[in-house]
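Same order as they appear, the protein sequences are chains D and E.
Residues in the first sequence are numbered consecutively from 3, following the working numbering.
Residues in the second sequence are numbered consecutively from 2, following the working numbering.
Hints may contain errors.
[As the list claims (entries may be wrong)] Quick partial rundown of chain D residues pointing at chain E, CB under 10 Å, derived from the structure:
id, residue
1, Arg12
2, Asp14
3, Thr18
4, Ile27
5, Asp35
6, Cys39
7, Asp59
8, Ser61
9, Ala65
10, Val67
11, Arg76
12, Arg84
13, Arg91
14, Gly97
Bear in mind the hints are in silico, worked out from the structure with no lab data behind them.
Cβ atoms here follow ideal geometry from the backbone N, Cα and C, with glycine treated the same way.
The residues making up each chain are set out below.
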Amino acid sequence: MAEFVSTETRDDGSCTVSVTGEVDIATVDEFLDAASCCLDSGGTNVVIDLGGVTFIDSSGLGALVRIRNLARERGADVTLDRVPDAVARLLEVTGLAAAFVGDGNR
Amino acid sequence: MASTETRPGTNVPTMRVPAPPERTGGGTRPPAEPEPSALNASHRHRARNPRRAAALIATVCLLLTAASTWAAARVDQGAEDRLLQVQTKQVAAVLSTAILVIQQPLSTALDVQRVSGSTGEGPAFKQLMARYIGDDQFVSASLWRRTDGRLAPVASIGVAPALPRGGAAARSLVSSAFSHKTFVVRAVDIGDRQRLAFVMADPASGYVVYAERSISANRRSRVDSDSAFSDLHYALYLGPERTLKSLSTTDVALSSLPLSGRTASTTVPFGDTVLTVVTSPRRHLGASLGQRLPLILLIGGLLLTLIAVRSGYQLIRRRQDAENDTATITDLYERVDALFGEQRDLFVRLQRALLPQVNPDIPELEIASQYVAGTQGVDIGGDWYSIIGLGEDHFAFVVGDVSGRGVDSVAVMAHARFTLRAYLIDGDSPALALEKCSRQFDISVDGHITTALVGVGNARTGEITLASAGHPTPLLITAGAREFVQVPAGLPLGAGAATYRSTRFTMTPGATLLGFTDGLVERRGEDIDVGMQRLADTMTPVSASPVEEMVSHALRKLRPPTASDDIAVLAIRWDPKR
Numbered sequence: 003m004a005e006f007v008s009t010e011t012r013d014d015g016s017c018t019v020s021v022t023g024e025v026d027i028a029t030v031d032e033f034l035d036a037a038s039c040c041l042d043s044g045g046t047n048v049v050i051d052l053g054g055v056t057f058i059d060s061s062g063l064g065a066l067v068r069i070r071n072l073a074r075e076r077g078a079d080v081t082l083d084r085v086p087d088a089v090a091r092l093l094e095v096t097g098l099a100a101a102f103v104g105d106g107n108r
Numbered sequence: 002m003a004s005t006e007t008r009p010g011t012n013v014p015t016m017r018v019p020a021p022p023e024r025t026g027g028g029t030r031p032p033a034e035p036e037p038s039a040l041n042a043s044h045r046h047r048a049r050n051p052r053r054a055a056a057l058i059a060t061v062c063l064l065l066t067a068a069s070t071w072a073a074a075r076v077d078q079g080a081e082d083r084l085l086q087v088q089t090k091q092v093a094a095v096l097s098t099a100i101l102v103i104q105q106p107l108s109t110a111l112d113v114q115r116v117s118g119s120t121g122e123g124p125a126f127k128q129l130m131a132r133y134i135g136d137d138q139f140v141s142a143s144l145w146r147r148t149d150g151r152l153a154p155v156a157s158i159g160v161a162p163a164l165p166r167g168g169a170a171a172r173s174l175v176s177s178a179f180s181h182k183t184f185v186v187r188a189v190d191i192g193d194r195q196r197l198a199f200v201m202a203d204p205a206s207g208y209v210v211y212a213e214r215s216i217s218a219n220r221r222s223r224v225d226s227d228s229a230f231s232d233l234h235y236a237l238y239l240g241p242e243r244t245l246k247s248l249s250t251t252d253v254a255l256s257s258l259p260l261s262g263r264t265a266s267t268t269v270p271f272g273d274t275v276l277t278v279v280t281s282p283r284r285h286l287g288a289s290l291g292q293r294l295p296l297i298l299l300i301g302g303l304l305l306t307l308i309a310v311r312s313g314y315q316l317i318r319r320r321q322d323a324e325n326d327t328a329t330i331t332d333l334y335e336r337v338d339a340l341f342g343e344q345r346d347l348f349v350r351l352q353r354a355l356l357p358q359v360n361p362d363i364p365e366l367e368i369a370s371q372y373v374a375g376t377q378g379v380d381i382g383g384d385w386y387s388i389i390g391l392g393e394d395h396f397a398f399v400v401g402d403v404s405g406r407g408v409d410s411v412a413v414m415a416h417a418r419f420t421l422r423a424y425l426i427d428g429d430s431p432a433l434a435l436e437k438c439s440r441q442f443d444i445s446v447d448g449h450i451t452t453a454l455v456g457v458g459n460a461r462t463g464e465i466t467l468a469s470a471g472h473p474t475p476l477l478i479t480a481g482a483r484e485f486v487q488v489p490a491g492l493p494l495g496a497g498a499a500t501y502r503s504t505r506f507t508m509t510p511g512a513t514l515l516g517f518t519d520g521l522v523e524r525r526g527e528d529i530d531v532g533m534q535r536l537a538d539t540m541t542p543v544s545a546s547p548v549e550e551m552v553s554h555a556l557r558k559l560r561p562p563t564a565s566d567d568i569a570v571l572a573i574r575w576d577p578k579r
């Protein structure tokens, strides 16, 4: 079984956080920690790869918001990548799609 | 504008919370105090006393050891008895041969005399017998002839006979030889020594041969190691009696006679009498394993007994320990479970205390609502609903959901609920109330985002204004259709300051607006639209039912049996004819 979350930092200042499986109240802290590490290590462009996500609950959505807010404080961009349809629909329903559209993803 | 909302706070101190519609999980089970002790008692009762069990094992093992040792010994004794008898028979056979050797010169002498007749009878006898005279053979031999009932000596060789020649004893012995087909044998004393006297007669020719053999002074004879006697002690008796007087030869001291212990005896024909052979084994006759087997079994059995007792004792002790541990763990688990249930129950009561206990009395509205906690985990969620009477035919309602679970979520929920209520009572539109609220929540501070559907309605006209902070859109149920009201999705509260757009529509009489939280429609691995459609389909058969039944039906049909998420459902039916 693949790891729930993995990060990859590149020299150009971009950092990719790849999440797989279910992002819910049980796993959200791990996800947040990984993304925070990306920002702490000086990443200016955080890419969140949601390609392997099968489910995301309101805690997971909250985590996306927190990561976006953290990045804004530090002048970094957050981009969502490979967003599954179900997650995209959920972002729409919850009004969060607009919060990430401005960051130039999709 | 006075608020007619029933304040739940008034109900909190008495805790007269209506019974939850669905009580799942722990609940307020009283701690199961009597159970653990009863459990322990039954364990104690069932468990064997290790000492008694060890004693039982020891008894059984010792009995088995004794039985097998005894059986092996019996087998060995039987084998020894049989071997002794076989060897004694071999001895008898050897003796029979030896007797033939003794008899042979006597019968040869008689044969010679019968052939040669009276001519040269003396020299022929001496010549023949000279070969048989010696320490280990005959010491004395003589030839007699009976004519007309009178015995006359013919010739003699060797030392003087123990029985005086021509004496009465000798004559009686010779006479008796004529009445026997074989030789006659007698023990004859000479001083403190003994000799054996052999007499053999030939009635046809009238010749009689008389011979004497020595018996060693102590009557003892060494045994050759390779002879048939090598494994045996023996005693040879002349005649059927086993007395010292009749003893002929033995290999043991006279004081240790008669032979004791395991003995065997047989008789061998010896002239007119018999030789009685008595034997006892010098050593173990059979295989050495047969002799040692009982001892091996005994020692092995005792060792095994020791091991079995030790292991049995330890096993039972460990089992007892394990049973005690299990009882303790079960006890602890039950206590934890009870505490867990109590804590969860407390949270649910807190949650319920924050929900409206009585809906405002607005004549045109039928209102039903339910809150159901998740079944898993102690943490409760932050779902809520709210109905607020605004006076002058106006009312407001909210269905909201705070992300995450636990007391923090409930705190954020209370914050959102009462903040929204304040703005709505102040007369703010749903969009404005949400906009003001959006500046007061920050996920970075409290760790949660909150979605909320906010509505303001006119009970007289059926006009409804809705705004949503990322909350699932409500279902409008009419007699002919079930459709989701399209409400523009704004940012959830906590995601940052935002503005909201509202939507406005007019209910038809009898229409029902069903607000809910995502727990009712969301399934893992499924698009939320699928869940929304399922809700719409589910509500079809109850579209004309009372609102209470609608809410119950929705929860009964759609709530997963192992739902981890909590659910709030609010149904508002506008019925101006009421």
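Do the hints match the structure? See the list:
no., hint, verdict
1, Arg12, "violated (27 Å)"
2, Asp14, "violated (27 Å)"
3, Thr18, "violated (23 Å)"
4, Ile27, "holds (6 Å)"
5, Asp35, "violated (14 Å)"
6, Cys39, "violated (17 Å)"
7, Asp59, "holds (7 Å)"
8, Ser61, "holds (5 Å)"
9, Ala65, "holds (9 Å)"
10, Val67, "holds (4 Å)"
11, Arg76, "violated (12 Å)"
12, Arg84, "violated (17 Å)"
13, Arg91, "holds (6 Å)"
14, Gly97, "holds (4 Å)"
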